[in-house]
Structure formats: C-alpha cells, structure tokens
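Next come the chains, spelled out residue by residue.
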Amino acid sequence: MPTHSDARLHAIEQSGWGEDFHLVQPHNLAFWVYCLLVVAGAYVLSGQISIAAAAYSGALISGLVAFGLLAAGYLWFIHYGDRYTTVPAGLAAAGFVWGAVAAIGAFALLGNDAVMSLYAKAFGGSFAFDWGAALTAPFDEELAKGAGVLLLLTLAPRLVRSPFDGLILGAYVGLGFQISEDISYAFIGAANSFGDVGAAWSTIVARTVSSLASHWMYTGIFGAGLVWFLGRPDVPARRRLGLGLMLGAMLMHGLWDASGAIGGDGVFAWVVPLAVASAAIGTFAWVYNETQPIEREWMRELMAPEVELGVVSPSELDALAGSRSALRTYVRGQQSPRTAKRVLRAEGELAHQIARDGGADTAAVQRARAAVAQAHRP
Amino acid sequence: MASAVDAAATGVRGIDRRTVGPALLVLALAVLMSVVLPMLDAETSYRHQVHSGDVVEVADGITLSPTPGWALASGALVGHARTPIGSTAATQLVEGGVSVYVQAAPFAGDPSALLTRVNRIDAELEHARGSAAATTGRYPVTTRQGLAGVAEDFVGVSRQGTIVAFVFRLPPSAVSQGQPAREGVEVVAAGPAGPVSQDRGDIVAMIRSIRVRHAHA
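In the order they appear, the protein sequences are chains A and B.
Just add 7 to the spot in the first sequence (first one is 1) and you have our numbering.
Just add 14 to the spot in the second sequence (first one is 1) and you have our numbering.
Hints in this document: simulated from the structure, not taken from any laboratory.
Treat the hints with care, as some may be off.
To be verified - A partial selection of chain B residues facing chain A, derived with a Cβ cut-off under 10 Å:
hint, residue
1, 44
2, 46
3, 54
4, 60
5, 134
6, 169
7, 219
8, 222
Claimed, not checked - Derived list of chain B stretches under chain A, where covered just means 3 residues or more per stretch with a C-beta under 8 Å from a C-beta of chain A:
hint, stretch
9, 78-84
10, 108-117
11, 153-159
All of these numbers come straight from a predicted model, not from anything done at the bench.
Using N, Cα and C, we set each Cβ at its ideal position, and we do this for glycine too.
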C-alpha cells in the first residue's frame, strides 16, 4: 500500500511541480522553430512599429502605456488563478512572447490580409466586409496561438501535465497576442482618422471594455482542449472533448467577429456580442473548474506528509487543496483571518519548496517549515 | 532539466526525434500563412466587378457610385452588406493596377486643412520608408451634388495619382450630440502612369459621384 511519502513523490513526478523551464534546448527542434518564428515575427512587426513611430507616435505611445497597464492587470489575474502547480515565470514569458510576436508577425498579419483579400476576390467586397474577419481570424489566429501552446508543450513536456496547465499557458499566449493586437489597433485607429490621437483613445477604451472575453480566454480554452486531445501521462486523452474545446474557441471567436453582420444595426446588435462573451466566460469557467481537481489532488498528495508531521493541520490542508470559495470560507471562520492568510501563504511556499527539492528533507524545506511555525504566532 | 531529450530518441544532428513532428507542423503552418496564402492571393484576380447602379457606402450617410467594371476590394455596397457602417470607414476600388482608396472619418477643419494633414502624414511615412513623391499645386474640385473639395496630383518613382480632400457637414446625430458632424473624406487614386492616365475618366467620375444624404451647404 503506497505511503504518504510515495504519494508525494508521485505528485511531484506527475505534476512536474518544481521543475525549471529551460528555453534553450539545442536538441529540441521546437526550440529552433520557436526562435526562427519569433525572429521572423519581430522583423515583420518592426516594419509596422517604425511606420507607427514615424507618423502616429502619439497613438503608439498611448497604446503602449494603456495596454501595458492592461497587460499587467491580466498577468496578475492569470497568475492569481494559477494557484496550485504554478506555471514557471520563464514558461509564461515564452508563451506571452510567442503570442505577442510570432503568432502576430509570422502568422496572422500576412495570413489574415491574404485570406480577407481572397474572400473579396472570390465572393465580392461586401461579402468580405460582412464575413471576411469572421471566416479568417478564428482559423489563422487560433491556430497561430495554439501552435505556440504545442511548441511549448514540446519544449516543456514535464511542466505541461494537465489540461489546467494548457488553460493557463494558453491564457498567457492569448494575452500576448491580445496586447500586441491592441497596441496595433490603437495606432491603426489614429491612422484611419487622419492621425487623430483622440481616435486612438476611443479604440483603447473600446478594446479595454471588450478585453475580458477575448484572445486570452479563447486561447486558454484552446490550450486546455489541446492537452485533453493529446493526453498526458496522468491525464488520459479525451479526444472529442479536446477537439470540441478547440473548435468551440474558434467558433466563439468567429461569432464575435461576425457580430455586426449577424446583428445588423438593430437591438440585436448588442445581443450577439453579449451572448458570445457570456459563452466564452462560461466555457472558460467550466474548463477552469473541471481541470482543477487533478491539480488539487497533487497539492493534497504533496502536503499530506506535512499533516502527519504536525506542520499543517487537516483543515489547513483542505483549504490549501480546496477551491477559492473553500479557502475564503476557511479564512473567514478563523479567529484571526489575517493570521490564517499568513499561515496559508507560508504553507504554499513550503509546498513549492518541497516540490523544488524533489520531496527531499532539505535545509530549505526545514526553513520553510520554520516559517510556517513563525506565521502561526500572532 | 525539463528537456524532452532522451539519448535513445536522438536522430539527425542530435535532434530528439519526438520533437520533430510538432515542430515541423508549426513551421508548415507558418509557411502556409505567411508565404503560400499571400502568393495565392497575388495570383488571384477579382471575379466580381461592380455593376451599373451599384452604390458604395463610404461612411454613414456618404456614398460613391463606382464605375462599372471596377472591383470592390474593401468596403460595402449599399443593400449588399448587413454590418452597420460608422463614421470611420475605408473603401478600396481597383481596376488593373489602379486603385481608388477612400478614407472617411470625423474631421473638424476644412478640406484644405485635411489635405495639409494628409500631406504631413504622407511626408512622415515617406521619410520612414525612404521614398518620396513630388506634388503639384492645389486645385478645387466639385462633386455633382455641388460639394467642394481640394485636390493635388503627385508623382512618385513607380506610382502617380491624385489626392482629394472633402469635409462634409452631416445632419446632427446621437454621436455628434445634436451638433452637425463634420466628416472628412480623403480619396487617393493611384497606380502606374499609363493605367492611371487611361482610367482618368473613371476616377474623375467616381470622385464627382460622392454624395451626402441631406447635405448641408
């Protein structure tokens, strides 16, 4: 019968928790393709940026500042949601850079223009005006971003171990794409309004308001679907669900882009984007809740020996390995919620340290245990 | 180290065979989008020309009648598109190597101020691109509806053409908060010298066909 210590080692092994991410892997072809396409994307984007800097510098700076702040907010939010076997910062950064640079510059910019133009040539300008974006972006952009998740999964197979990892990594890739696209829309807004910086700010407000149900969410759903489609050592492949989520992300993206054509200029014009946003948020929340149990189980297996040692209480373990609402309920029920939060934070650090040290009883782990004891003191 | 590399799985030049499939799949996708599709687009011609009686909505309340035989590369024909057209919109009509690009957006000044603004932006863009174009003096243009604008011709290394600027006063709308809105329209007709001269009649006719619903003098 497996002991708690065996279960801890199993959790570390299966989750990849505590592993570092190394982008530079000369024997991994995904590394070379990643570098090649990021460089190609940067080259294409630099042409755009130099034009924007020359003629629309006010709009470019406005976009950089406003969407830089928005990016910081969403990065915090995604990290906040990734509370168990956290995606390492290096892997998250590699995902963000792929979305912001490679997926836009080496895929979507040229691909979108070509396909939109082909629709106009084949079916007429009015058809392309109504449906061109909806029949182009979901394929070009979701596949470009999803390609990044696939490359990073190939670069870090021991770190992307569950659909939850796919969801979080996809969200970082999608956020990079979204912010890069937002900045370009800011100066395109000015360019389309004879250089008016005020038009750039109208674009910034509109893109910020609609930023919740956008690329970071679509690609999060796509990323979880991709991991489910492929399967991982501890997560059997569920191909229909995986494919359904990937196609679902593309469908929601397409319906969002077709909102104007579907809704026309009546009251229905508001219904379509609201319905799509609700569907995206609902699907993302469903995937988030559905993919968490295995991460929680890994947390429970990792920390169970600490309960035996008396470092962590059973109720603290329930809070640590429970949902956000369970965590809040636990904290509120304590005599000193502030102390309870401090203790749980220290226990979270202990969990990360144990994972980093492969389950060994190292000096760093002992220091982390001492920090837990210290946190209990008022 | 979190590497997928395993000694037993190494192939050509030490590359891990397990990484080849996904990496080549991603590379193929990038080549398809950034090389194959643009090449296919460049080789494809327009199948749908505009017909007599077709009208393009260049912005909310502003229309242009395209010359039959030209193709609508971007923009919307009145009665053919469902997506509402706002006050900021772009239209492009093409024929052979010649294009007529129409950009509309709110603008507070007069046609001359709009043309000056457009020239300043063009000069900054030309400077950034290392290109240059010489322009003629300005001359007045008038649409068949009697709306006045200002134009100038330009000659570049490989393209030449005409830029026309109008500023129309539109009826008050919800967007303009009850005030008459001023809408700027920039028309750029450009192409290689021969085709532009050949299409000059079509271009002039299209510019003169620009109309404003409920025009204010």
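Each hint tested on the structure:
Given the 10 Å rule on beta carbons, the hint for residue 44 (chain B) holds: about 5 Å separates it from the nearest Cβ of chain A. The restraint placing residue 46 (chain B) at the interface with chain A holds, with a minimum CB-CB distance near 8 Å, inside the 10 Å limit. At a threshold of 10 Å, the smallest CB-CB gap from residue 54 (chain B) to chain A is about 7 Å, leaving the interface hint in force. The closest approach between the C-beta of residue 60 (chain B) and any C-beta of chain A is roughly 5 Å, which is under the 10 Å cut-off, so the hint is satisfied.
Proximity of residue 134 (chain B) to chain A holds as hinted, the smallest CB-CB distance being about 8 Å (cut-off 10 Å). The interface hint given for residue 169 (chain B) is violated, since its Cβ lies 21 Å from the closest Cβ of chain A, which is over the 10 Å cut-off. With a cut of 10 Å, the hint placing residue 219 (chain B) at the interface with chain A is violated, because the nearest CB-to-CB distance is about 19 Å. Using the Cβ-Cβ criterion of 10 Å, the hint placing residue 222 (chain B) at the interface with chain A is not satisfied: the shortest such distance is roughly 21 Å.
Counting residues of the stretch 78-84 of chain B whose beta carbon lies closer than 8 Å to any beta carbon of chain A gives 0, which falls below the threshold of three, so the coverage claim is violated. A stretch counts as covered by a chain when three or more of its residues have a beta carbon under 8 Å from one of that chain; for the stretch 108-117 of chain B and chain A the count is 1, and the coverage is violated. Counting residues of the stretch 153-159 of chain B whose CB lies closer than 8 Å to any CB of chain A gives 0, which falls below the minimum of 3, so the coverage claim is violated.
Of the hints listed earlier, those the structure fails to meet are numbers 6, 7, 8, 9, 10, 11, in rising order.
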